[in-house]
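4 protein chains.
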Amino acid sequence: MTNNLFENYKLVRQHTAALTASLSAEDCCVQSMPEASPTKWHLAHTTWFFETFVLEAFEPHFAPFNAAFRVLFNSYYNAVGDKHPRPQRGLLTRPALDEVLRYRSDVDARMRTLLAAQPDNAALQQLVELGLHHEQQHQELMLTDIKHLFSRNPLFPAYAAPGRQASDPVVVHWQPFEGGLVQIGYDGGGFCFDNEKPRHSVYLQPFELATRLVSNADYAAFIAAGGYTEPAYWLAEGWDWCKAQGRGHPLYWHWQGNAWHEFTLHGLVPLDHHAPVLHVSYFEAEAYARWAGVRLPTEAEWECAAARLENNKKSASSAYVESASSYYPCSIQASDMGQLLGVAWQWTQSSYAPYPGFHAPVGAVGEYNGKFMVNQYVLRGGSCITPAGHVRISYRNFFPSSACWQFSGIRLARDA
Amino acid sequence: MTNNLFENYKLVRQHTAALTASLSAEDCCVQSMPEASPTKWHLAHTTWFFETFVLEAFEPHFAPFNAAFRVLFNSYYNAVGDKHPRPQRGLLTRPALDEVLRYRSDVDARMRTLLAAQPDNAALQQLVELGLHHEQQHQELMLTDIKHLFSRNPLFPAYAAPGRQASDPVVVHWQPFEGGLVQIGYDGGGFCFDNEKPRHSVYLQPFELATRLVSNADYAAFIAAGGYTEPAYWLAEGWDWCKAQGRGHPLYWHWQGNAWHEFTLHGLVPLDHHAPVLHVSYFEAEAYARWAGVRLPTEAEWECAAARLENNKKSASSAYVESASSYYPCSIQASDMGQLLGVAWQWTQSSYAPYPGFHAPVGAVGEYNGKFMVNQYVLRGGSCITPAGHVRISYRNFFPSSACWQFSGIRLARDA
Amino acid sequence: MTNNLFENYKLVRQHTAALTASLSAEDCCVQSMPEASPTKWHLAHTTWFFETFVLEAFEPHFAPFNAAFRVLFNSYYNAVGDKHPRPQRGLLTRPALDEVLRYRSDVDARMRTLLAAQPDNAALQQLVELGLHHEQQHQELMLTDIKHLFSRNPLFPAYAAPGRQASDPVVVHWQPFEGGLVQIGYDGGGFCFDNEKPRHSVYLQPFELATRLVSNADYAAFIAAGGYTEPAYWLAEGWDWCKAQGRGHPLYWHWQGNAWHEFTLHGLVPLDHHAPVLHVSYFEAEAYARWAGVRLPTEAEWECAAARLENNKKSASSAYVESASSYYPCSIQASDMGQLLGVAWQWTQSSYAPYPGFHAPVGAVGEYNGKFMVNQYVLRGGSCITPAGHVRISYRNFFPSSACWQFSGIRLARDA
Amino acid sequence: MTNNLFENYKLVRQHTAALTASLSAEDCCVQSMPEASPTKWHLAHTTWFFETFVLEAFEPHFAPFNAAFRVLFNSYYNAVGDKHPRPQRGLLTRPALDEVLRYRSDVDARMRTLLAAQPDNAALQQLVELGLHHEQQHQELMLTDIKHLFSRNPLFPAYAAPGRQASDPVVVHWQPFEGGLVQIGYDGGGFCFDNEKPRHSVYLQPFELATRLVSNADYAAFIAAGGYTEPAYWLAEGWDWCKAQGRGHPLYWHWQGNAWHEFTLHGLVPLDHHAPVLHVSYFEAEAYARWAGVRLPTEAEWECAAARLENNKKSASSAYVESASSYYPCSIQASDMGQLLGVAWQWTQSSYAPYPGFHAPVGAVGEYNGKFMVNQYVLRGGSCITPAGHVRISYRNFFPSSACWQFSGIRLARDA
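Protein chains in written order, with the numbering used here: chain Z, 1 to 416; chain B, 1 to 416; chain A, 1 to 416; chain U, 1 to 416.
Keep in mind that the hints were calculated from the coordinates and are not lab data. Please note: incorrect hints may appear among the correct ones.
[Claimed, not checked] In silico SDA-like pairs for lysine to any residue, Cα to Cα no more than 20 angstroms straight-line: (1) A:Lys197 - U:Pro206; (2) Z:Lys243 - B:Arg112; (3) U:Lys243 - A:Trp291; (4) Z:Lys83 - U:Asn153; (5) A:Lys83 - A:Phe65; (6) A:Lys10 - A:Gly389; (7) A:Lys197 - A:Gly81; (8) Z:Lys10 - Z:Gly389; (9) U:Lys197 - A:Phe65; (10) Z:Lys83 - B:Ala232; (11) Z:Lys83 - U:Ser151; (12) A:Lys83 - U:Asp240; (13) U:Lys243 - A:Arg86; (14) B:Lys243 - Z:Pro87; (15) A:Lys243 - U:Pro34; (16) Z:Lys243 - B:Lys10; (17) U:Lys197 - A:Asp98; (18) U:Lys83 - Z:Leu155; (19) B:Lys10 - B:Lys83; (20) U:Lys83 - Z:Pro154; (21) U:Lys243 - B:Gln245; (22) B:Lys243 - U:Ala244; (23) Z:Lys10 - Z:Arg104; (24) Z:Lys243 - A:Gly246; (25) Z:Lys197 - B:Asn258; (26) Z:Lys83 - B:Lys83; (27) U:Lys10 - U:Ser151; (28) U:Lys243 - A:Val80.
Just so it is clear, the structure is predicted and the values come from calculations on it, not from any experiment.
Generate coordinates for the entire structure from the input sequences, incorporating the hints supplied.
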């Protein structure tokens, strides 16, 4: 099993490096806003995670690769000590990208040795697994952050070559669910984050979910109907946000030559009308739903629906694999409940809160999730840039209601 | 019944005026922060509510007292039209306080006529009742806002003469509750706000509530134990708030002559150690609970507990009546579940969200509650300054997690 | 002479009180922006000045009227001790206006006694004279600050009844001056501020001044010609200011019913086209001059011109007396150099700096002028609301380049 | 002469490139604050200057290297069109550094051709000369900006290898000057900026200048004497700045291991006590002078003194040549008026204003200096990192009073 673990370690780590193949050292260094981090910082921080939480704990005669990195690449773990301020991550032209890549190689080599030397250390294995899922989270963030950086450049650089085709239209239906006393939260044998536990009972009223995500064409209709000019559609704080930002369309939309365009990781392209709308904030998602006369699902509704569909046909999990070659949502498959997993993160109306009986682990690792459980909203489902194998129906992503640089879309719900 | 309604109208309106008896025109005019409003504005806005939603709708040959007031005293109803900006409410030295009092008299007289003329108009009566509960909410806000204003004055003016005695210590216990499938939300025959409905089922794990609120002495122990210097006790956003504000104690505490003092509506006085701690933010309440190794209740837990106690002994409702002569929490009564109602608003860990099946009423009145259901936390129980008759166990108060100028305290909970 | 001094004291102090006759306690309490102060604060601070710098220094057995006032009404004198923060002056609903008026009476009575008891104390007399000129400065500030407060009220209250008539057009000429080595600075026997000294030599190139101020009609032509949309007319920082403020006209202009109106102390009235433009910032004055192909005068040019005209005909000083009954610039008199004194403060291109040999007095009074000599521009001439007797050709007023709530206008100059 | 001009062009352009030899592409890309620009941007903008103002005007069949660069690398020339926002210069990871270097080569080649083809075009030559002085200004800014960037990195990278020795102490004297009617402004035959003209008469009182700059040891004594805690030493705005910034020492000083250290382009080193203090704001320079009981010179005093010394002995100009190998002020030479040129920019008390008779050139080049003549203070003398040949006694540098990332120091003056 240790063997398999290191194989998995190698695969994940190599995938991280592969994601940087088209980027220059300059691209990897710059930070475009406080919420986003430079690619180089992601490369270093994910390595810091293994060095600090695994090597420092288990390696005999541990010595850090570079003592200064302990502070420079600590994201938010107060128990580890000082942290370089988040908004200043982009000022670190040194260490150079090459030096960070050496840091990665060094830690990789030591991880190989450590895992070989302690093949039966369950605590070690558990932390390595956490580190790998942590790194997969950062793989997605690397893409959302570089997309944001490139979006701020008037030259609109493309991260990847074009390749996808326009999506076909798909009719939307309402899929009913019975509700009642259901169980949510992870209960499988494999890995999950602490915030997915404990599995527990929730009582749901009967409800219905839309069978596909809101499309760009749907959202354009909202705009055309005065969506951004009529306060009645908005939460009060959402309307204030909208006015303060001067927002009139999703983050990466541009009106050019009398038509909507969209900045993607493949560059600036004409809007794909039948693809799911992306990069909307919670405020926008909620306003769209209100305009449409319906609402967003709760996270319990979403998970209940996803679990039932998983059981019915095990095909859903394969749906999002094929998006691997593109950094844009794949077309909708003919299914009774399309685009549930691996297409776009779906805002729920649930505030991010601890499940009943939740306890954060002891120590620095306990800072992973618990301390963020306030003023954020849960997103479910994974996106087309979420790494394969990192999507679970019990997975709880979370962002503030104003965030829109993630691949976040809209699934509608309504009372039955 | 109309007769009773106008009697009630008169009582509520007179109570509002009575609350201003000790204030000068200057006191009534100034705004101490954007979140707070001048007393004069409260006096006018509550009157505007009746003029706009009742008289304008039902009075034959309606003509406004002053057409400009429609904009000046509109709080946030977009459907009514323009609004004077909230942070500029304190700039309105005109209309003078006397003019606003004339406005109140004028509307009162027209309300009397209207109610007498349409004794069987149920829609009218429903709106009047809403207006009265609205006015009661503003009675409490008038007190919290004037307290904030006076707290910013180095002379620390007293709103009311001193009178209360120091509280006695009370031992705290844990009261167990079984959980299971319970019902929350209003189902009585009288008035409630739209956000208290519909009554619905919620599934609860077994839990325990503390039999009294956290006291000032309890909270002082948290401070002495480094509560404000150790990030491990705090939500990440709470810790940032704490540092950004330079916060080291509750809003109105002052360290003077080697002892804690507290600014109250009775002036600056030595801290009453065994009274409930007040004016803490959600962040502080959550940090205190985390430090104490427990947690805050959910609003469903709180309501479930309150409902059971109400049924067991009907004495609870009388507990908070006697606080009317003081603007400080009364002493704890010997009871198995003290300080539940009418002592201090109790932060719950529940984000303010619509109940399943919630629908906001059509029209401007629909803006009353629904549009604020994001990034706020629910408080329960009412406070010592909540008007008598305005406390309900299904009542949902809500404020942002950083708010601390309300009479907000801490009730602890834990898993059974 | 002491007798005369107290007579003068009485006149000045009574004039201050008289200026508040049309204001309510509410009007006197509110602060409309950090740069402006409430009327009540002006009433108290000018009294504080006499109490702190005169009574405390010379009164036997000095005891303060209210010890707290020493801090509350200290404007900026660090040598006196703590200061209540400037942006919070409007929070002081206590002491009440009545209490501040008692403070004034009390200090007035003690001043009468003191001056009678020490008739030959030159140091005392000098400080009293400074205090009176200080109070006159605040008389003007009271008017500019109440004008700003009323301008923020959508009801546009009038401070005084209307009364003035529209101005007649006056043709503008260029008046030449020879330049050469001239003397500027005060050298008379009476009172002047420390910043007007020492009188010293300055070398000037030949120059010309416009014979009247820029009128509202002139300025409207600048706007109509795209003055606020063409960056070429503006200093870089002025252009940034203009865009950040969304400024498109002078502070108190309003476009209503297809015509320019102006908010004045007499209420909102149609623009008086041939009256001098008022309430422009340095940036706007400089932009206007640049657009007109000329420039603003230096303060030395202005004073040199004013001195020559004073000598030629002693009529100039009487020009501004007649404006006493109005709070708006009087019409232009037929003269070779009209509107020099007592009409509108005239921006010069001179940064506020110490004259060669300037030394601030020792002690707290030394903080009066010297410490403000950075990043401000000098204005000359006095305005229609400057108290009679408070205008001198050597008088140096100063404000930041963005200030426009003073009665500031534009005098053009050009190289000969 | 054209031949000489292109030789000069080549030398200046090569020197710019040489300054980047020790920097990585990452170092060249990042912007550390809105006031500073990335090295890559400096490399491109100086090239843009030649392409836009020279090639576009004079090259037959002009075609831009890259049309997008016209906007991307326009600093502030409104007459040229749109500008990429200054605070976002650091987001341009594309074009890559290599591409910008190709841009430089391309423009250099075209400049060679153009100058060879039009050997007698005086207008062309004049613009090229302006472009070269412009590039020299940016050579200095490249160093101050990279120093600022590196100072924000906790690793404190060194731009250049160490090399300098500690300075020797030098006694300071007061050098008297007579004053009277003097001439300032450029009148030589060579190049000068428009703001140095016209040469004109100024009348000066007798004055004295210190014979050397204020040293680090001098400034440390100011700090030790409570310089940063006593408001009496400060301009009011300076004191506010000081408190708002939490400033207690010059920008790049660090207190480590019980001793002052200084971040330099050679890394973090112990403070060189007898070297001139650097990186002080105008506020700090003024406060130091006030504490020392003297004042800062005016720019006319400074230039008058420098001119007299230049005439007396022509050795001064050679003093600053030898600093070329170091990026730190060279030691003080034994002279009657040391450190006047090429050591540290010296704050004067003169606000940056047009000389009498100043007229900005017509067209975009007229935006070079004139539009910045507000709210800035003049610095004189050049610094140890000012390019050789770019120092003139009539040279007027200017920065806001809060700026301290330039090599700015303090020369004291006093009345005779």
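Verification of the hints:
1. In summary, the hint linking A:Lys197 to U:Pro206 is supported, as the alpha carbons are separated by about 17 angstroms, within the 20 angstroms threshold.
2. This hinted pair does not check out: Z:Lys243 and B:Arg112 have alpha carbons roughly 41 angstroms apart, beyond 20 angstroms.
3. About 40 angstroms separates the Cα atoms of U:Lys243 and A:Trp291, which puts this hinted pair outside 20 angstroms; it is violated.
4. With a CA separation close to 13 angstroms, the supplied pair Z:Lys83 and U:Asn153 stays within the 20 angstroms bound.
5. With a C-alpha separation of about 17 angstroms, the suggested pair A:Lys83 and A:Phe65 falls inside the 20 angstroms cut-off, and the hint holds.
6. Using a Cα cut-off of 20 angstroms, the hinted pair A:Lys10 and A:Gly389 holds, with the two alpha carbons roughly 15 angstroms apart.
7. Taking the CA atoms of A:Lys197 and A:Gly81, the gap is about 28 angstroms. The hint is violated against a cut of 20 angstroms.
8. Taking the CA atoms of Z:Lys10 and Z:Gly389, the gap is about 15 angstroms. The hint holds against a cut of 20 angstroms.
9. About 59 angstroms separates the Cα atoms of U:Lys197 and A:Phe65, which puts this hinted pair outside 20 angstroms; it is violated.
10. The suggested pairing of Z:Lys83 with B:Ala232 holds, with an alpha-carbon distance near 15 angstroms, which does not exceed 20 angstroms.
11. Between Z:Lys83 and U:Ser151 the alpha-carbon distance is near 17 angstroms, which keeps this suggested pair within the 20 angstroms criterion.
12. For the hint linking A:Lys83 to U:Asp240, the alpha-carbon distance of about 14 angstroms falls within 20 angstroms, and the restraint holds.
13. At roughly 15 angstroms between alpha-carbon atoms, U:Lys243 and A:Arg86 fall within 20 angstroms of each other, so this suggested pair holds.
14. With a CA separation close to 16 angstroms, the supplied pair B:Lys243 and Z:Pro87 stays within the 20 angstroms bound.
15. For the suggested pair A:Lys243 and U:Pro34, the alpha carbons sit about 18 angstroms apart, so the restraint of at most 20 angstroms is met.
16. Taking the CA atoms of Z:Lys243 and B:Lys10, the gap is about 41 angstroms. The hint is violated against a cut of 20 angstroms.
17. For the proposed pair U:Lys197 and A:Asp98, the alpha carbon gap of about 60 angstroms is over 20 angstroms, so the pair is violated.
18. Using a Cα cut-off of 20 angstroms, the hinted pair U:Lys83 and Z:Leu155 holds, with the two alpha carbons roughly 14 angstroms apart.
19. Taken as a hint, the B:Lys10 and B:Lys83 pair is broken in the structure, with Cα atoms around 28 angstroms apart against an allowance of 20 angstroms.
20. Restraint check: the Cα-Cα separation between U:Lys83 and Z:Pro154 comes to about 11 angstroms, which is no more than 20 angstroms; the hinted pair holds.
21. This hinted pair checks out: U:Lys243 and B:Gln245 have alpha carbons roughly 17 angstroms apart, not beyond 20 angstroms.
22. A distance of roughly 16 angstroms separates the Cα atoms of B:Lys243 and U:Ala244; the hinted pair therefore holds under the 20 angstroms criterion.
23. Between Z:Lys10 and Z:Arg104, the direct Cα distance comes to roughly 11 angstroms. Compliance with the 20 angstroms bound is thereby established for this hinted pair.
24. Proximity of Z:Lys243 to A:Gly246 is assessed by CA-CA distance (about 16 angstroms); at most 20 angstroms being required, the pair is judged to hold.
25. Between Z:Lys197 and B:Asn258 the alpha-carbon distance is near 47 angstroms, which puts this suggested pair outside the 20 angstroms criterion.
26. With a CA separation close to 45 angstroms, the supplied pair Z:Lys83 and B:Lys83 exceeds the 20 angstroms bound.
27. A threshold of 20 angstroms between alpha carbons decides the hint, and for U:Lys10 with U:Ser151 the separation of about 31 angstroms lies outside it, so the pair is violated.
28. The suggested pairing of U:Lys243 with A:Val80 holds, with an alpha-carbon distance near 19 angstroms, which does not exceed 20 angstroms.
When held up to the earlier numbered hints, the structure conflicts with 2, 3, 7, 9, 16, 17, 19, 25, 26, 27 and fits the remainder.
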